[in-house]
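From first to last, the protein sequence lines stand for chains A and B. Take the numbering used here: the last position of the first sequence gets the number 111, and nothing is skipped along the way. Take the numbering used here: the last position of the second sequence gets the number 225, and nothing is skipped along the way.
Since the hints were derived computationally from the structure, they do not count as laboratory data. There's no promise every hint is true.
Said to hold, decoys possible - Simulated pairs of lysine to any residue, SDA-like, Cα-Cα distance not exceeding 25 Å: (1) Lys103/A with Ser218/B; (2) Lys56/A with Leu75/A; (3) Lys70/A with Lys213/B.
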Amino acid sequence: SQQGEEDPQALSIQEGENATMNCSYKTSINNLQWYRQNSGRGLVHLILIRSNEREKHSGRLRVTLDTSKKSSSLLITASRAADTASYFCATENSGNTPLVFGKGTRLSVIA
Amino acid sequence: DAGVIQSPRHEVTEMGQEVTLRCKPISGHNSLFWYRQTMMRGLELLIYFNNNVPIDDSGMPEDRFSAKMPNASFSTLKIQPSEPRDSAVYFCASSPMGGSEKLFFGSGTQLSVL
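I would like the entire structure built from these sequences, with the hints used as guidance.
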């Protein structure tokens, strides 16, 4: 069953612009993670934010978490054509259950 | 480290045939997960193992699906008999923490059942 739901389903931007993707979930979580998937490849872990954290940075990535709204956002700044991929949020629910993934946002960065 | 290794990369088979997918997790990782990805349903967890022991197989769609992990460095997912609706990309992932923190995914097996 799906826990996280990404929004938008697809996003197309120009190189250099910022890309923002959102994720909403339903139940209490231990942590929320973002993954990237290039076409024909496996998922690659980008960043993990714990339930007691509100914001986290990694390079050009910025993740926020609002547990009161059960939502998270992933911001990619100064996007590049190489950022073109699908981005998934995944939640580890309370009780140390396995990750549950959303259906992803397809990001296209046009050079 | 070579990462999580899955084989084959592509499998095309006919309905009714047995299919075996293979996975070698990253050495030292305690947890192994099998996911299935389709356009309609996204990524679904099929089964996961901790220290070679199956913990939760509630995601396995039917008795036609079975998974084993005979040792820490090898796992198989078997479908017998296969059906066209089993067509999907099957991913294996491993984790070092005995849980779900930071999964490392293989490149997947693209399965087509004709």
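Hints versus structure:
1. Lys103/A with Ser218/B: 18 Å, holds
2. Lys56/A with Leu75/A: Measuring from Cα to Cα gives roughly 11 Å; hence the hint holds.
3. Lys70/A with Lys213/B: With a Cα-Cα distance of about 20 Å, the restraint between Lys70/A and Lys213/B holds, given a limit of 25 Å.
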